[in-house]
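Read off the chains here:
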Amino acid sequence: MEQILYFDGLSSRAWPCKIDVRKEEILIQLDDTLEIICWKINDLISNELTGTTLTIKYGEYPHKTIEIIGESALLYYELISKNSFLGRSNVLWYRKKTPIIIGLIFLFFCLCVFSYWTLIPWLGEKATLLVPKDTEIKLGESIAENFKQTEEINKESSKLLNQLLDSLQIKESYPIKITVVNSPTVNAFALPGGQIFVYTGIIQKMKHYNELVALLSHEITHVTHQHSLKSLGRSAATSIFISGLFGDISGISAGILDQASQLKQLRYSRELETEADQHGVDFMLKYKVSPKGMVDLMQILDGESEGEDGFMNYLSTHPETKERINALKSDNQININFKENQSLKTIFSKIQQSINKP
Amino acid sequence: MEYNTWKKSLKFHGNHGDLVGLRILNNILKIITLGFYYPWAKVKELKYMYNETEYMNSRFVFHGTGKEVFKGFIKALLIIGVLYAFLLFSYTSNNPTLVYVGIIVFNLGFFALIPLALHGTLKYRLSRTSWRGIHFGYRGNLKEIYGIYLKNILLTILTFGIYSSWMRVALNKYTRSNIRFGSIQFTFVGKGVDLFLINLKGIIFSILTIGIYSFWFYKNRIMFEVNNTKIIQDGKEINIRSTLTAGGIFKLLIVNYLIVVFTFGIGTGIAINRIARVLFQNIEFEEDINADSILQTEEEYKDASGDDIAGMLDISII
Ligand SMILES: [Zn+2]
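Taken in order, these protein sequences are the chains called A and B. Using the working numbering, the first residue of the first sequence is number 1, and each one after it goes up by one. Using the working numbering, the first residue of the second sequence is number 359, and each one after it goes up by one.
Any given hint could be a false lead.
To be verified - Computed list of lysine-lysine pairs in DSS-like fashion (alpha-carbon distance at most 25 Å, straight line):
hint	chain 1	residue 1	chain 2	residue 2
1	A	Lys329	A	Lys205
2	A	Lys82	A	Lys64
3	B	Lys388	A	Lys96
4	A	Lys171	A	Lys155
5	B	Lys388	A	Lys97
6	B	Lys369	B	Lys588
7	B	Lys429	B	Lys388
8	B	Lys366	B	Lys594
9	A	Lys126	B	Lys388
10	A	Lys64	B	Lys425
11	A	Lys133	A	Lys177
12	A	Lys82	B	Lys425
13	A	Lys207	A	Lys286
14	A	Lys205	A	Lys288
15	B	Lys365	B	Lys594
Source of the hints: derived by calculation from the structure; they are not laboratory data.
For reference, chain A alone in the conformation it holds in the complex (with noise of 0.2 Å):
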């Protein structure tokens, strides 16, 4: 079907035509009143072509309008532009053109993979560096405070590992508090802004001051260096990619609240768990507790990961020990051995014994 049809903007009723493009003006003749209008080229309000009808807009609104629909349509469209000083707009561009569509999926494609490994994720953890230091803490307190009310705490143990740590004389970015949590579970973990929790259940398995020592200041190492803020921020960032690519606008922000609140189940990516064990052996170094007490812990969580309980310890928030103890292992720093801190042994057995108690 090929027609041309002109509509005056008034009533519908449509008037069957012919057109002839000129260089600067568009004449138009009514097939039922053999009538010619002339539009200019310049004054055309649009001249926009979706597949195969054409639709040019002339004057105040309301606008006269003429439809060509059928194959001449590109062929007017064409006339029109070249003439004309609009913008093309031809929604359909793309027919006929194949190879290109195949060409730009490819590279969607390869674009998609790109953003979703690495692109995005380093977009969303350079975002967390907006986030100001107050607001960091202040998430960090809510969250602790929310999860100390479902969990039970074991209050003289908190005391004496905060002791331990003011015994260290430690002075680190961030306000540290450590809380200890009555459960067989053989875990901790660091939330934004200083809050570190400590289950009952590592430290029963730990020998050495040393070891305790380790864990906090890998711990630490999550808080100073903003471990959590920053996968917080890869990991809502990639479920925004993945709303937008869906289209799910809604989708966005509710990803990004279901996220703070999995917060203490986060599981860091290797490279921040090495991070963390790096920093830690030389945060161990500078406050003068020997580091082979890091791979005495990571043996007890190699132990666990081998253990029945397979469900929520250690390895869950902690990935990959055995390459952790390797990496320890190579560097010659772990082999450094200060003598015995008794103020600090006396701490470890008063909280070995505070955990023991019934």
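With chain A fixed as given, assemble chain B with the ligand onto it according to the hints.
Only chain B with the ligand this time, still in chain A's reference frame:
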């Protein structure tokens, strides 16, 4: 045998390749621009869908522009951003009462936005739609729709949701009667009690038949919407009806589901085309309107923000 004089005057010509290609290109551009291409992508898709829809041998035209929708998109982003900012603020306050207040305000805020979104979408979308050079329009008043909405939502809450059928009907009556297509008007004659019975029957039977009845439920709801809408031209009422069957809906949805899953979402365009085709080609008109005598009545309108709030709240209207 009764001879069927009802007319299938709506046709949908959408071509799978065209729409799939369009969506792929749109998605590429959306990703490259971190989502800011969204308004232009949406406009292109609407232009395509409208152009492929034919009524009495003439196509619909969507006149919206990416720039208009972009402005609306930014406004909607700001409004919804404020709500989220408030929620986040209350979350980080460490004060349990404030957290509850935050959650309540956040949800109330969303509820309060629904009439605005509905009003804005109708106003913008219809003003940008034309057929044979005649523009559609929406003459509803924001205050009035808020009045209807608030009264009805209150009754819905007080009746534990039972009143929602009457609410839907009240909103339909108000919005339909305010739609203009040049000199053509519309009206909605559905009754709340009928919709309530459809919903009640639908829910009970869907549970009893482990979901099988839900296709009849869908069918009944579509029929309720379509069959109760009437076109008024020069004082004459024209009836519309849907001939959609439960089996038709079943086939449509199952095949669409398979297409989307097995093409990893790339074939969503095919699914959209299929929905439009089945929906439009099952609408019958008691008789055709007088296509030559519709007069232009609506004035120019500029504001696209309602449309995008609707998009973000996931309300689909047209
Ligand atoms: Zn860790």
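message = Need the status of pair lysine 388 of chain B, lysine 96 of chain A: alpha-carbon distance at most 25 Å?
response = Given that 25 Å is the threshold and the Cα spacing comes to 23 Å, the pair holds.
request  = Decide if the proposed pair is consistent with the structure: lysine 429 of chain B and lysine 388 of chain B, CA atoms, cutoff 25 Å inclusive.
outcome  = Judged against 25 Å, a Cα distance of about 16 Å means the pair holds.
inquiry  = Can you confirm whether the C-alpha distance between lysine 207 of chain A and lysine 286 of chain A stays at or below 25 Å?
reply    = Holds - the C-alpha atoms of lysine 286 of chain A and lysine 207 of chain A are around 22 Å apart, at most 25 Å.
ask   = Does lysine 594 of chain B lie within 25 Å of lysine 365 of chain B when you go C-alpha to C-alpha?
value = 17 Å, holds
request  = Would you mind confirming whether the straight-line C-alpha gap from lysine 64 of chain A to lysine 425 of chain B stays at or under 25 Å?
outcome  = Within the cut-off at roughly 22 Å; holds.
Restraint status (C-alpha distance of lysine 388 of chain B to lysine 97 of chain A at most 25 Å) = Holds, because 21 Å separates the two Cα atoms, which is no more than 25 Å.
query = Would the pair lysine 366 of chain B and lysine 594 of chain B pass a check requiring their Cα atoms to be no farther apart than 25 Å?
reply = Within the cut-off at roughly 19 Å; holds.
inquiry  = Between the alpha carbons of lysine 126 of chain A and lysine 388 of chain B, is the straight-line distance 25 Å or under?
reply    = 21 Å, holds
request  = Take the C-alpha atoms of lysine 369 of chain B and lysine 588 of chain B, compute the straight-line distance between them, and say whether it is at most 25 Å.
outcome  = Holds, at roughly 19 Å.
message = Just to be careful, I want the Cα atoms of lysine 82 of chain A and lysine 64 of chain A compared with a cutoff of 25 Å; is the pair within it?
response = 21 Å, holds
ask   = Is the straight-line distance between the alpha-carbon of lysine 329 of chain A and that of lysine 205 of chain A 25 Å or less?
value = 21 Å, holds
ask   = Within 25 Å, alpha carbon to alpha carbon, are lysine 133 of chain A and lysine 177 of chain A?
value = Status holds; Cα separation ~16 Å.
The earlier numbered hints are all upheld by this structure, with none contradicted.
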